[in-house]
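The residues making up each chain are set out below.
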Amino acid sequence: MASIQPLGQRVLVKRLAADEVSAGGIVLPDTAKEKPQEAEVTALGTGGKDDNGNDFVFTVKVGDKVLISKYGGTEVKIDGEELLILSESDILGIVS
Amino acid sequence: MASIQPLGQRVLVKRLAADEVSAGGIVLPDTAKEKPQEAEVTALGTGGKDDNGNDFVFTVKVGDKVLISKYGGTEVKIDGEELLILSESDILGIVS
Amino acid sequence: MASIQPLGQRVLVKRLAADEVSAGGIVLPDTAKEKPQEAEVTALGTGGKDDNGNDFVFTVKVGDKVLISKYGGTEVKIDGEELLILSESDILGIVS
Amino acid sequence: MASIQPLGQRVLVKRLAADEVSAGGIVLPDTAKEKPQEAEVTALGTGGKDDNGNDFVFTVKVGDKVLISKYGGTEVKIDGEELLILSESDILGIVS
Amino acid sequence: MASIQPLGQRVLVKRLAADEVSAGGIVLPDTAKEKPQEAEVTALGTGGKDDNGNDFVFTVKVGDKVLISKYGGTEVKIDGEELLILSESDILGIVS
Amino acid sequence: MASIQPLGQRVLVKRLAADEVSAGGIVLPDTAKEKPQEAEVTALGTGGKDDNGNDFVFTVKVGDKVLISKYGGTEVKIDGEELLILSESDILGIVS
Amino acid sequence: MASIQPLGQRVLVKRLAADEVSAGGIVLPDTAKEKPQEAEVTALGTGGKDDNGNDFVFTVKVGDKVLISKYGGTEVKIDGEELLILSESDILGIVS
Chain V
1 MASIQPLGQR VLVKRLAADE VSAGGIVLPD TAKEKPQEAE VTALGTGGKD
51 DNGNDFVFTV KVGDKVLISK YGGTEVKIDG EELLILSESD ILGIVS
Chain B
1 MASIQPLGQR VLVKRLAADE VSAGGIVLPD TAKEKPQEAE VTALGTGGKD
51 DNGNDFVFTV KVGDKVLISK YGGTEVKIDG EELLILSESD ILGIVS
Chain L
1 MASIQPLGQR VLVKRLAADE VSAGGIVLPD TAKEKPQEAE VTALGTGGKD
51 DNGNDFVFTV KVGDKVLISK YGGTEVKIDG EELLILSESD ILGIVS
Chain H
1 MASIQPLGQR VLVKRLAADE VSAGGIVLPD TAKEKPQEAE VTALGTGGKD
51 DNGNDFVFTV KVGDKVLISK YGGTEVKIDG EELLILSESD ILGIVS
Chain U
1 MASIQPLGQR VLVKRLAADE VSAGGIVLPD TAKEKPQEAE VTALGTGGKD
51 DNGNDFVFTV KVGDKVLISK YGGTEVKIDG EELLILSESD ILGIVS
Chain X
1 MASIQPLGQR VLVKRLAADE VSAGGIVLPD TAKEKPQEAE VTALGTGGKD
51 DNGNDFVFTV KVGDKVLISK YGGTEVKIDG EELLILSESD ILGIVS
Chain Y
1 MASIQPLGQR VLVKRLAADE VSAGGIVLPD TAKEKPQEAE VTALGTGGKD
51 DNGNDFVFTV KVGDKVLISK YGGTEVKIDG EELLILSESD ILGIVS
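Chains as they are written, first to last, in the UniProt record's numbering: chain V, 1 to 96; chain B, 1 to 96; chain L, 1 to 96; chain H, 1 to 96; chain U, 1 to 96; chain X, 1 to 96; chain Y, 1 to 96.
Because the hints were derived from the structure by calculation, they are not lab data. Careful: at least some of the hints might be erroneous.
Below, a list of computed lysine-lysine pairs in the DSS-like style, where the Cα atoms sit at most 25 Å apart [unchecked claim]:
{"id": "1", "chain 1": "L", "residue 1": "Lys77", "chain 2": "B", "residue 2": "Lys70"}
{"id": "2", "chain 1": "H", "residue 1": "Lys49", "chain 2": "Y", "residue 2": "Lys49"}
{"id": "3", "chain 1": "U", "residue 1": "Lys77", "chain 2": "U", "residue 2": "Lys61"}
{"id": "4", "chain 1": "B", "residue 1": "Lys14", "chain 2": "B", "residue 2": "Lys70"}
{"id": "5", "chain 1": "U", "residue 1": "Lys14", "chain 2": "Y", "residue 2": "Lys77"}
{"id": "6", "chain 1": "X", "residue 1": "Lys49", "chain 2": "V", "residue 2": "Lys49"}
{"id": "7", "chain 1": "B", "residue 1": "Lys70", "chain 2": "L", "residue 2": "Lys14"}
{"id": "8", "chain 1": "X", "residue 1": "Lys14", "chain 2": "Y", "residue 2": "Lys70"}
{"id": "9", "chain 1": "X", "residue 1": "Lys70", "chain 2": "Y", "residue 2": "Lys70"}
{"id": "10", "chain 1": "X", "residue 1": "Lys14", "chain 2": "X", "residue 2": "Lys77"}
{"id": "11", "chain 1": "U", "residue 1": "Lys70", "chain 2": "L", "residue 2": "Lys70"}
{"id": "12", "chain 1": "B", "residue 1": "Lys61", "chain 2": "B", "residue 2": "Lys14"}
{"id": "13", "chain 1": "Y", "residue 1": "Lys14", "chain 2": "U", "residue 2": "Lys70"}
{"id": "14", "chain 1": "Y", "residue 1": "Lys70", "chain 2": "X", "residue 2": "Lys77"}
{"id": "15", "chain 1": "Y", "residue 1": "Lys77", "chain 2": "U", "residue 2": "Lys61"}
{"id": "16", "chain 1": "V", "residue 1": "Lys49", "chain 2": "L", "residue 2": "Lys49"}
{"id": "17", "chain 1": "L", "residue 1": "Lys14", "chain 2": "L", "residue 2": "Lys61"}
{"id": "18", "chain 1": "H", "residue 1": "Lys14", "chain 2": "X", "residue 2": "Lys70"}
{"id": "19", "chain 1": "U", "residue 1": "Lys49", "chain 2": "B", "residue 2": "Lys49"}
{"id": "20", "chain 1": "B", "residue 1": "Lys49", "chain 2": "V", "residue 2": "Lys49"}
{"id": "21", "chain 1": "H", "residue 1": "Lys77", "chain 2": "X", "residue 2": "Lys61"}
Between beta-carbon pairs, the in silico distance windows are [stated by the list, open to error]:
{"id": "22", "chain 1": "L", "residue 1": "Lys14", "chain 2": "Y", "residue 2": "Asn54", "range": "36 to 46 Å"}
{"id": "23", "chain 1": "Y", "residue 1": "Lys70", "chain 2": "H", "residue 2": "Asn54", "range": "31 to 41 Å"}
{"id": "24", "chain 1": "V", "residue 1": "Glu81", "chain 2": "H", "residue 2": "Glu82", "range": "26 to 36 Å"}
{"id": "25", "chain 1": "Y", "residue 1": "Asn54", "chain 2": "H", "residue 2": "Lys77", "range": "39 to 49 Å"}
{"id": "26", "chain 1": "Y", "residue 1": "Asn54", "chain 2": "V", "residue 2": "Phe58", "range": "33 to 43 Å"}
Note that beta-carbon positions come from the ideal geometry of N, C-alpha and C, so glycine has one too.
Full structure from sequences and hints, please.
This is the structure we're talking about:
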C-alpha cells in the first residue's frame with residue numbers, strides 16, 4: 001500500500017466526512033468567505049530546520065483532528081482515498 | 001462539548017453582542033472603512049517560537065475584552081456559537 | 001469609563017481640533033496627496049519585543065503632540081470621543 | 001553521455017509514466033487545480049549553505065519517488081529523456 | 001514657534017528655491033522621469049535602532065544641502081514654511 | 001582586448017552554439033515555457049559577502065558548461081562576441 | 001564647483017560617450033530589452049553598514065569603467081554635466 005511522507009514542515013491530512021466531525025459539532029457558517037474544514041492528521045513531515053536553524057518540532061501529532069484553512073495545500077489521492085498535503089502553518093487549530 | 005486549541009500565535013475570540021460591550025461604551029463610527037469589533041478572548045494558541053527563536057508569550061489572556069480588526073481571522077461555529085480564530089497581531093488593543 | 005490599552009507597538013491618539021493645534025501653527029497644504037494630521041498621544045501599547053528580540057521602547061510618550069500619516073491606523077470611538085489606534089512607526093514626528 | 005549536476009538546493013527528477021507509479025497507486029483527482037505529479041529523483045544539487053549559514057542537507061535521496069507540485073521547475077531533455085530541475089522545496093512528499 | 005522632531009530614521013528638510021541652489025549649479029534635466037530636488041536638512045529624527053539592533057547614526061547633519069528623490073516624504077507647513085519629512089534613505093546624496 | 005569582471009555574485013557566460021553542446025546532447029523541448037540554455041562560464045564575479053556575512057564562494061568555475069534559465073541576465077557584446085551577465089543563482093545546473 | 005557625495009551604498013557615475021568606450025569595444029546588441037551602458041565611476045557613497053552590521057566596502061573605485069543596468073539610478077546634472085546616482089548593486093561589472 002502506498003503512503004506519503006510529507007517533506008519539511010508539511011503534514012498529510014484527511015478531510016472528515018460530515019458524520020465524523022467532533023462531538024458537539026463544529027459547523028461553519030455558510031456565509032464565511034474563507035471556510036475552514038475539519039480534518040485528521042495522518043502523517044507529519046520530515047521537519048527539517050526552522051528559521052533560526054533549530055530542529056523544527058511539529059505542534060500537531062498523527063490522529064489530531066484539526067481545522068484547516070481552505071487555501072494552501074495540495075490534494076492527492078492514495079489508494080482511492082483523497083488526502084491533502086499542507087503546511088502545518090495552514091492549520092488553524094486542534095479540535096478536542 | 002467540542003473546543004478548539006488555536007495553533008501557534010493564534011487566539012480564539014467570541015464577538016460581543018451590543019449589550020455586552022464594555023461600560024462607557026466603545027462605539028465605532030459608521031463611516032470607518034475598517035471597522036474594529038469588540039470581542040472576548042476564549043482561548044490562546046499553542047504559542048511556539050517567535051522570530052528570534054524564543055518562546056512566544058501572549059500579551060492577551062483568556063477573558064480579556066479586545067478590539068479586533070475586521071480583516072484577518074476565520075469564522076468557526078462551535079456548539080452553535082460563532083467564534084473567530086485570528087492571529088494575536090490582529091488584536092488592536094485590550095479594552096478595560 | 002472605558003479605555004483601551006493598545007497591543008504591541010501601537011499607540012492610541014486623539015486628533016486635535018483646529019483650535020488645539022500647536023502655537024505657531026502647522027498647517028498642511030491642501031494639495032498634499034498624503035496629508036498628515038496633528039494628534040495627541042493618549043496611550044502607549046504593550047510594547048513587546050522588537051525585531052532583534054529586545055524589549056521595544058516607545059519614542060513618544062503620553063501627551064506628546066504628533067504628526068500622523070493619513071494611512072494606517074483604525075478609528076475607534078470611546079465614550080463619544082473619536083480616537084485612532086496606529087503603529088508608532090506611522091507617527092512622522094513630534095510637534096513641540 | 002551527458003548529465004546534469006543541479007546547482008544549489010535544486011534536484012533533478014524524472015517524471016514517472018503511468019505504469020511506473022507506486023504500488024497501491026497515487027492518483028490525483030482531475031479536479032485538483034494544482035495537480036502534483038509523481039517523479040523519481042535522479043540527482044541532487046550542489047547544496048551550498050542554508051539561510052543560517054550551515055551546510056544545506058537534502059532530505060530526499062537519489063532513487064526516491066516523490067510528489068512534485070506543478071509549479072516551479074524547468075524542463076530539460078538529456079539523451080532524449082525529459083527531466084525536470086526543481087528546488088527541493090517544491091517536492092511535496094516522498095512516496096513509499 | 002512650532003517645530004517638528006522627526007521620528008526614527010526620518011529627517012526634516014526644506015526645499016531650496018532656485019536662487020539658493022549650490023554654486024556651480026545642480027540642474028536636473030527636464031526629461032528625468034524621477035526628478036531629484038535640492039533641499040536643506042533642518043532636523044534629524046530620533047534615530048532609534050537599525051536592523052541589527054545597534055543605535056542608528058545619521059549620515060547627514062543639520063545644514064547639509066541634499067538631493068532628495070521625488071518619491072517618499074510627506075509635506076508639512078510650519079509657520080508658513082513648506083517642509084518635507086522623509087526617510088534618510090530617500091536622500092540620494094550630499095551636495096557640496 | 002576588452003573584458004568584463006562581473007560584480008558580486010554575477011558570472012559572465014557565453015551561450016553555446018548548436019554544434020558546441022555537450023556530447024550526448026541536452027535538447028530542450030520546444031514546448032517548454034521557460035527554456036533553459038546551455039552556456040559556458042567565462043568569468044566569475046567579485047563575490048563579496050553572502051547573506052550571513054561570510055565570503056561568497058562560487059560553485060561554478062570558468063570553463064564549466066551550465067544550463068541557464070531564460071530569465072535574469074543582461075546581454076553584452078564584447079569584441080563582437082555576445083555574452084550574458086547573470087547571477088550564479090540563475091544557473092540551473094552544471095553539464096558534464 | 002558643485003559636487004555630490006552619494007549617500008550610503010550609492011555611487012555617482014558618468015555615462016561614457018561612444019568615443020570613450022573601452023578599447024576592444026563593448027557594444028550592446030540593439031535587440032537587448034534591458035540595455036546596459038558603459039560609464040565611469042566618479043564618486044563613491046558614504047557606505048554605512050551592510051545587512052550584517054559590518055562596514056560596507058565598495059567593490060568599485062573612482063575611475064573604474066563599469067557596465068550599469070538601464071534601470072535604477074537617478075539622473076542629475078552638475079555644472080552642465082549629466083551624471084547618474086545609482087546603487088552599487090546596479091553595476092553589472094567592471095570593464096578592463
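task = Go through the numbered hints given earlier and state which of them the structure violates, listing their numbers in rising order.
result = none
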